[in-house]
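Student: In case you want the letters, here they are:
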Amino acid sequence: MATLKKQNVHSDLLGDRVIFKVSFKRTFLSKRGLFTLIFSLLFALYPFIGLYQTLFNNDTIFHEGAMYSFHSFFSFMYELVIIPLIIALFASYIITEDIDDKTITYWIVRPIRRSEIYLSKLLALVVGSFLIALIIESVNFLLFYIIAKVRREFIDLRLFLFHLIIIFIIVLYYSTATSIISLIFPFSTLTSILYIALWELATYGALMDLGAKGIKWIFIHNYIVQIQNATANIVFGFHYTIDMSIFSIVILFIILFTILSSLFIYLSKRKEYP
Amino acid sequence: MSKEEAPFVIFYNVTKWYKGNVIGLNQFTAQVSGGITGLVGPNGAGKSTFLKLATGQIKPNIGIVRVFNKDPFRDSSVFNDLGYCPEQDAFWSWMTGKEFVEILAKAKGYSKEEAKKETTRVLKIVSLDDERADRPIITYSKGMRQRIKVAQALIGSPSLLLLDEPFAGADPITRAHLGRTFEDLRKEGVSIILSSHVLHEVEQFADQIKLIYRGRLLAEGPVRDIRALIYDHPHRIKILTDSPRELAKYFVSLPSVKSLEITDPSNLHYGILWILTHNPAVFYKELPKVLVSSKVHVEEIMSVDDNLQAVFEYLTQ
Numbered sequence: 000m001a002t003l004k005k006q007n008v009h010s011d012l013l014g015d016r017v018i019f020k021v022s023f024k025r026t027f028l029s030k031r032g033l034f035t036l037i038f039s040l041l042f043a044l045y046p047f048i049g050l051y052q053t054l055f056n057n058d059t060i061f062h063e064g065a066m067y068s069f070h071s072f073f074s075f076m077y078e079l080v081i082i083p084l085i086i087a088l089f090a091s092y093i094i095t096e097d098i099d100d101k102t103i104t105y106w107i108v109r110p111i112r113r114s115e116i117y118l119s120k121l122l123a124l125v126v127g128s129f130l131i132a133l134i135i136e137s138v139n140f141l142l143f144y145i146i147a148k149v150r151r152e153f154i155d156l157r158l159f160l161f162h163l164i165i166i167f168i169i170v171l172y173y174s175t176a177t178s179i180i181s182l183i184f185p186f187s188t189l190t191s192i193l194y195i196a197l198w199e200l201a202t203y204g205a206l207m208d209l210g211a212k213g214i215k216w217i218f219i220h221n222y223i224v225q226i227q228n229a230t231a232n233i234v235f236g237f238h239y240t241i242d243m244s245i246f247s248i249v250i251l252f253i254i255l256f257t258i259l260s261s262l263f264i265y266l267s268k269r270k271e272y273p
Numbered sequence: 000m001s002k003e004e005a006p007f008v009i010f011y012n013v014t015k016w017y018k019g020n021v022i023g024l025n026q027f028t029a030q031v032s033g034g035i036t037g038l039v040g041p042n043g044a045g046k047s048t049f050l051k052l053a054t055g056q057i058k059p060n061i062g063i064v065r066v067f068n069k070d071p072f073r074d075s076s077v078f079n080d081l082g083y084c085p086e087q088d089a090f091w092s093w094m095t096g097k098e099f100v101e102i103l104a105k106a107k108g109y110s111k112e113e114a115k116k117e118t119t120r121v122l123k124i125v126s127l128d129d130e131r132a133d134r135p136i137i138t139y140s141k142g143m144r145q146r147i148k149v150a151q152a153l154i155g156s157p158s159l160l161l162l163d164e165p166f167a168g169a170d171p172i173t174r175a176h177l178g179r180t181f182e183d184l185r186k187e188g189v190s191i192i193l194s195s196h197v198l199h200e201v202e203q204f205a206d207q208i209k210l211i212y213r214g215r216l217l218a219e220g221p222v223r224d225i226r227a228l229i230y231d232h233p234h235r236i237k238i239l240t241d242s243p244r245e246l247a248k249y250f251v252s253l254p255s256v257k258s259l260e261i262t263d264p265s266n267l268h269y270g271i272l273w274i275l276t277h278n279p280a281v282f283y284k285e286l287p288k289v290l291v292s293s294k295v296h297v298e299e300i301m302s303v304d305d306n307l308q309a310v311f312e313y314l315t316q
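Chains as they are written, first to last, in numbering that gives the first Met the number 0: chain A, 0 to 273; chain B, 0 to 316.
Chain B with its partners taken away, still in its complex shape (with noise of 0.2 Å):
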């Protein structure tokens, strides 16, 4: 096996609780390797309980957890070569950004030279390295918060980065520079990890999706596979229209619809054309053209099925 190949992280059979039986984990199997893997689940799937018990914070109550083959929980030498972004803002007040990324550069082992060397190269990653950096943490936008926090995560240059939710919150520039930093770390040969409950945040740039649903393993693959495991399952879409039998017509000999339900609600004007597609990669391709030729007006369209919430619902049908 390959170095690439080698799996940094292992689950197996892992099971964690929390008080008030609630379930983070539940007999999870999962090894991750090299590339960037994303975490995709509602909020409560358990992608936060994975890094956890992938930094130590918890341990498992049943199976094993395995980082670098060490226990995270017991032997912190793991961390030599491991970054972990949090999700929440968590900062000591009166620090600035440079004073928290080189006292945790220190915290890391580095003399206070070494220290200010390693903020200055961190900071320049994630393009903070100007006056910002000498501004406390608390006048920040979030947008500076996620970098910073991804700075820190990066003391070390460590092989294997965890990131919780770095895209939550963040303005679209700092999105976008995110994802570059991120790219550029996978060609350096970082492995990454990172979470999210938003699937197009992760697919642009992710090698490997994990859809994690009531601490369960639902599905992993290649990005086009999880694509098409989502596109694969019935859409319902909802349509809007003052003439929606009219417009059901021509909707019907369609081989991408399966079937057609037309509701009148009594207070309103509109009538309502709800169409079922297993297909919903053709249904939205042949939409346009079934809604000029129609000649019917439209006030609304709505894919009500078209986020991941309901994909984890079909798939744990």
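Just chain A, with the same shape it has in the complex (with noise of 0.2 Å):
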């Protein structure tokens, strides 16, 4: 039987995608990503208890409105805490799984350059992360929605919007940002200590409104922190005081994204698998 050989290193990214379907399947589509997304949506049953409260005892703990309370409920307990934590969780498993397990081999005997195949479990990576905190956080705006709906509250779907952007932006931080640590440090204990001491660093930034706050710009959330209020300044009218402009700190976290994004790329192309 005739054979077709090829001849090229891939030029298109990714290897023709496969390495990124292989390691989102296996990261995603799996029992763990399935537990992830269970144990992370039982946060959602918040607005279920305002949500009872309302209806039953004609009592609620939105005293600010629902929409006010999804803003101030998913800014800090997702953005800041639970979407960094479960981008830590499968950045962790994402890099080192096919290193821990040898199947890594596969990839690295074919013609796709070393950091195609980082690039792409970096991506899927994005790309799964996004989905979950979209599916967390339509879920959770769904509740408020249909508590603002019974409530006869103000609503205002471009809150919807601005916390997908924000969701985005930690997604592409924390993505490549676990990853670097995943690529240099393949053991899981101290890449978990890692993750712990890089989230407190940067939840530290958001907690340092009313101490430090000289050296609070080298806190990540201090940034994120500056969007939500800039988000609840547009859509509830509120005159939170913001340090810098959006544009500027979008501007900051494309040029942070880069670096980031660069680190990843020399640290695979310098990677060995013995």
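Between beta-carbon pairs, the in silico distance windows are:
{"id": "1", "chain 1": "B", "residue 1": "Ile261", "chain 2": "A", "residue 2": "Pro273", "range": "48 to 54 Å"}
{"id": "2", "chain 1": "A", "residue 1": "Ile134", "chain 2": "B", "residue 2": "Ala175", "range": "52 to 58 Å"}
{"id": "3", "chain 1": "A", "residue 1": "Phe75", "chain 2": "B", "residue 2": "Gly43", "range": "49 to 55 Å"}
{"id": "4", "chain 1": "B", "residue 1": "Lys141", "chain 2": "A", "residue 2": "Leu189", "range": "32 to 38 Å"}
{"id": "5", "chain 1": "A", "residue 1": "Glu271", "chain 2": "B", "residue 2": "Glu98", "range": "24 to 30 Å"}
{"id": "6", "chain 1": "A", "residue 1": "Arg151", "chain 2": "B", "residue 2": "Ser92", "range": "49 to 55 Å"}
{"id": "7", "chain 1": "B", "residue 1": "Glu112", "chain 2": "A", "residue 2": "Tyr51", "range": "52 to 58 Å"}
{"id": "8", "chain 1": "B", "residue 1": "Ser92", "chain 2": "A", "residue 2": "Leu40", "range": "23 to 29 Å"}
{"id": "9", "chain 1": "B", "residue 1": "Arg226", "chain 2": "A", "residue 2": "Leu189", "range": "46 to 52 Å"}
{"id": "10", "chain 1": "A", "residue 1": "Tyr239", "chain 2": "B", "residue 2": "Lys69", "range": "56 to 62 Å"}
{"id": "11", "chain 1": "B", "residue 1": "Lys69", "chain 2": "A", "residue 2": "Ile192", "range": "37 to 43 Å"}
{"id": "12", "chain 1": "B", "residue 1": "Ala167", "chain 2": "A", "residue 2": "Lys30", "range": "29 to 35 Å"}
{"id": "13", "chain 1": "A", "residue 1": "Leu160", "chain 2": "B", "residue 2": "Asn68", "range": "52 to 58 Å"}
Quick caveat, the hints were computed from the structure, so don't treat them as lab data.
Built from N, CA and C at the ideal position, the CB exists for glycine as well.
Take the two lone chains and join them into the complex the hints point to.
Tutor: Here is the structure:
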């Protein structure tokens, strides 16, 4: 039988997307992915409690309206805590699993650049994490939306969109940052400690409004909070102080993402698989 | 230099060490040209390190590794014409054999349709082109796993195949089949490098043998030269018998016997006659005649040095 020989290194990004597909399926379309999603959605019970009180006790924990409750609850609980931790969990898995069980060998001995292999994994992480975050936001927003409808309160669908953008920024930042850690330290215990340190560093920035303002610019969540505040100003007409313009923050994130991606590609090119 | 003689793989003064000062290869210089080359050495000798360096999974600390005159660690175009079968059983658990090969064909640059055709072709070569290919790999026997790993290495009809312990754990039928497959591929002009810790596994069809021990190239050459080298080293033969002294009288006059020693374990009914020979081939030829003529009861005969480890220790002395 005649055989067709391929003589070029893949010029298309991501090696015909097979690495992306395999990594995505293995990481997200698995029991682990499903469990993480269910576990994350357990936090959405909070609006259920509010819904119950609204319907049956004629009382509510949403003193400032359901939309604002969604904003404050989702901003802190999900955008600063749960979603970063979910990404860290999956980043550790998506980067190190192939190395641990040696299936990475099959990709390494194909005409695919090393950087391409890891960019495929990074993209799978970004897409998978974003989809999970989107499901979480949709479920939460829907619940608060129903409460707002029942209570005949103010509703603004832009809130959903703004938080979607915030989620996207968080996913991009945490995916690259945690993937770099996984690439450098492919040991789960060490990476877990480093993830927590990274997350705590980021979170302190958000909690540092009252003190240590001089150094809060180094913490990534400081900028996330700025965008969240800007969202509240636009949607609810608040007057939170914003240190930087949204445009500057977006540019900052683009620069940060570029630096992290370059570092990621640089490290992936030098990676060995003993 | 003809195409067949041009070395595909060049290792020049290569040293590779791992964490904890574990030496993989030590100032290793070798070239591999056409035909089938067997890398033989005991476990931990450096065979897998050689293959990992040649496939760019790791890079040398010192020295130069070239495959098709390219650095396999930095230039992935090497893998257009190279197939690799890893030692370990690593698979994506949810895949069937066919899906596994098909995905790796796509990763080699084939379109969906081309990948299907190529998968059918390589599965046919390893005789897995039946309903077994549609079963999940986790249900495969060891032999079938070896075959599917070889199949993925054959994608794209590479001119160079690197096979890490392809016979490990395989049943006799799979061994025979894989052996025939490798011979057929050699006839088609494919160069093969395969590793094994058992010499006789590879000597049947290897043109060249490279003996590796403790990260160094100990000896290389045609199979018969290596076999002669192994037979040249002194062998110790242990004979368990109820009359070791009586039996020793018959061996003492043999030219192939260098020395004799008798030990009498106190707790055994039998004694042990130790024979040291410099010419095992001749000695083993004479052994049956001597045993028959002596009429002494022999419980067990064991060649304690008839293994590669002993040969390597002898060669490194």
